[in-house]
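Asks: Starting from the structure of chain R, add chains Y and P where the hints point.
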Amino acid sequence: MPVYTCTTVQSMLSADTKADLAAEVTRIHSMINHVPGAYVNVVFHELPADAVYTDGQPAQPLLINGWVRTGHPEAQSSQLVAEVAAAASRVTGIPAKRILVVIQNSPAHLAIEGGRVLPAPGEEEAWLRETAVQGQEAD
Amino acid sequence: MPVYTCTTVQSMLSADTKADLAAEVTRIHSMINHVPGAYVNVVFHELPADAVYTDGQPAQPLLINGWVRTGHPEAQSSQLVAEVAAAASRVTGIPAKRILVVIQNSPAHLAIEGGRVLPAPGEEEAWLRETAVQGQEAD
Amino acid sequence: MPVYTCTTVQSMLSADTKADLAAEVTRIHSMINHVPGAYVNVVFHELPADAVYTDGQPAQPLLINGWVRTGHPEAQSSQLVAEVAAAASRVTGIPAKRILVVIQNSPAHLAIEGGRVLPAPGEEEAWLRETAVQGQEAD
Chain R
1 MPVYTCTTVQ
11 SMLSADTKAD
21 LAAEVTRIHS
31 MINHVPGAYV
41 NVVFHELPAD
51 AVYTDGQPAQ
61 PLLINGWVRT
71 GHPEAQSSQL
81 VAEVAAAASR
91 VTGIPAKRIL
101 VVIQNSPAHL
111 AIEGGRVLPA
121 PGEEEAWLRE
131 TAVQGQEAD
Chain Y
140 MPVYTCTTVQ
150 SMLSADTKAD
160 LAAEVTRIHS
170 MINHVPGAYV
180 NVVFHELPAD
190 AVYTDGQPAQ
200 PLLINGWVRT
210 GHPEAQSSQL
220 VAEVAAAASR
230 VTGIPAKRIL
240 VVIQNSPAHL
250 AIEGGRVLPA
260 PGEEEAWLRE
270 TAVQGQEAD
Chain P
279 MPVYTCTTVQ
289 SMLSADTKAD
299 LAAEVTRIHS
309 MINHVPGAYV
319 NVVFHELPAD
329 AVYTDGQPAQ
339 PLLINGWVRT
349 GHPEAQSSQL
359 VAEVAAAASR
369 VTGIPAKRIL
379 VVIQNSPAHL
389 AIEGGRVLPA
399 PGEEEAWLRE
409 TAVQGQEAD
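Residue numbers (the working numbering), protein chains in the order written: chain R, 1 to 139; chain Y, 140 to 278; chain P, 279 to 417.
Looking at chain R on its own, in the form it has when it is part of the complex:
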């Protein structure tokens, strides 16, 4: 369901670091937002040095943009962004002051995965059960 898009300049993150950050963001999102890891996507945009600016100068931030479904309880969303930001610094070694994490959202009914409209927050269980049934029927 969610998509986390991480943007950096090239060569800032090793392949291992990307895998580790993807795993950690997946673990955190899965735990806090009650979504199996199989539905958590993490992608990396690694751009040339002359394509990333902070303060109008070439820079090396780590920008993470997460898309989630609208309607999670506010405390849950606050915990999510806090844990993702902490993980980003912990896993990559990049100082927190160069890391920006932003969560955006849109209503679940404006998203489709596996051919089905996503469930609203809190309604994941029935949706996942139905998906499992469809998977078996497809076997």
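In short, the hints are calculated from the structure, not lab data. Worth double-checking, as some hints may not be accurate.
[Claimed, not checked] Some chain P residues close to chain R (C-beta under 8 Å, calculated; not the full set):
no.	residue
1	V321
2	H323
3	L325
[Unchecked claim] To spell it out: a stretch of chain P is covered by chain R in this simulated footprint if at least three of its residues, at any positions, have a beta carbon under 8 Å from a beta carbon of chain R; those stretches are:
no.	stretch
4	288-300
5	390-398
6	402-408
[As the list claims (entries may be wrong)] Per label pair, the in silico range of CB-to-CB distance:
no.	chain 1	residue 1	chain 2	residue 2	range
7	R	D16	Y	G176	39 to 47 Å
8	Y	G176	R	P73	34 to 42 Å
9	Y	G176	R	G37	35 to 43 Å
10	R	Q57	P	A353	23 to 31 Å
11	Y	Q273	R	Q10	38 to 46 Å
12	Y	R166	R	G115	17 to 25 Å
13	Y	Q149	P	G315	17 to 25 Å
14	Y	P234	R	G71	37 to 45 Å
15	Y	D155	P	A293	30 to 38 Å
The structure displayed is predicted, hence computed values, not measured ones. For each residue, glycine too, the CB sits at the ideal point set by N, CA and C.
Replies: Quick look at chains Y and P alone, frame taken from chain R:
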């Protein structure tokens, strides 16, 4: 007006498939949201294999994020996301379970194209007429 | 705080033009939204010619997506998008009709930078003062 951003790993979509998907998304958006195709943008981010993760593992999803103006009728938005998701699987041959389509929006007055603030949904005709007039004056 | 993401085809913008556009967008955002330039990020996605479509055909638009915090006064947001769009054409020489600028937003409490939740619009001063204090303590 809209921008559809498709994210995959490299070599997953041929040049022909990208062109076909762009054409089909354009046709669908144009028909449902009443916008001439000339205002529909589709872009592809094709990332290295070690830059795309699902469930914390390298994976090959097709992630489509569409930005549209806020305020389309809900039924119209539901039809839009459903038809884009169906087209994505039909055109690319990628199974629906690896495809996630998300629609995001912001108010038309927070977007400018051709130097003019975008029209709210339902007000496209007057806006397009005015654009045509300006184009003739510019000739 | 904000992130402006500019998408074009490769070789459309020189390195100098990218730097100039980043500087100008930073200056505009800083002035209108009361954020020091050190918190303004501008990134460029330069895609292959067969990865960017308008009207279902390969095309060369300049697409700018800005993420800002929710809650800026509407007049301020309108000025922001207008000045960014004007700067994009002025700095790059690309005709306005090929330029689309979109502003998206989410609540400040859904974003973290430097390890701290972002301030709501209008509360930047206290937040920045606190950041300065933390910076001194870290020295």
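Asks: Hints first: check each against the structure and report whether it holds.
Replies: Here is how each hint holds up against the structure:
Satisfaction of the interface hint for V321 (chain P) is found here, the shortest Cβ-Cβ separation to chain R being roughly 5 Å, below the 8 Å cut-off. Restraint check, H323 (chain P) versus chain R: the minimum CB separation of about 7 Å is within 8 Å; hint holds. Interface restraint check: L325 (chain P) against chain R, minimum CB-CB distance 11 Å, threshold 8 Å, status violated. Counting residues of the stretch 288-300 of chain P whose CB falls under 8 Å from any CB of chain R gives 4; the rule of at least 3 is met.
Under a criterion of three residues with beta carbons nearer than 8 Å to beta carbons of chain R, the stated coverage of the stretch 390-398 of chain P is upheld, 5 such residues being counted. Counting residues of the stretch 402-408 of chain P whose beta carbon lies closer than 8 Å to any beta carbon of chain R gives 0, which falls below the threshold of three, so the coverage claim is violated. One distance hint, 39 to 47 Å for the beta-carbon pair D16 (chain R) and G176 (chain Y), holds here, with the actual separation near 44 Å. The given range of 34 to 42 Å is respected by G176 (chain Y) and P73 (chain R), whose C-beta atoms sit roughly 41 Å from each other.
A C-beta distance of roughly 39 Å is found between G176 (chain Y) and G37 (chain R), which places it inside the suggested range of 35 to 43 Å. Distance hint for Q57 (chain R) and A353 (chain P): a CB-CB separation of about 30 Å, consistent with the stated range 23 to 31 Å. The given range of 38 to 46 Å is respected by Q273 (chain Y) and Q10 (chain R), whose C-beta atoms sit roughly 41 Å from each other. Under the hint 17 to 25 Å, the C-beta atoms of R166 (chain Y) and G115 (chain R), about 20 Å apart, fit the expected range.
Between Q149 (chain Y) and G315 (chain P) the CB atoms are about 35 Å apart, so this pair departs from the stated range of 17 to 25 Å. Hint check: P234 (chain Y) to G71 (chain R), Cβ distance near 28 Å, so the stated range 37 to 45 Å is violated. Evaluation of the 30 to 38 Å hint for D155 (chain Y) and A293 (chain P) yields a pass: the beta carbon distance comes to about 32 Å.
Checked against the numbered hints given earlier, the structure breaks hints 3, 6, 13 and 14 and satisfies all the rest.
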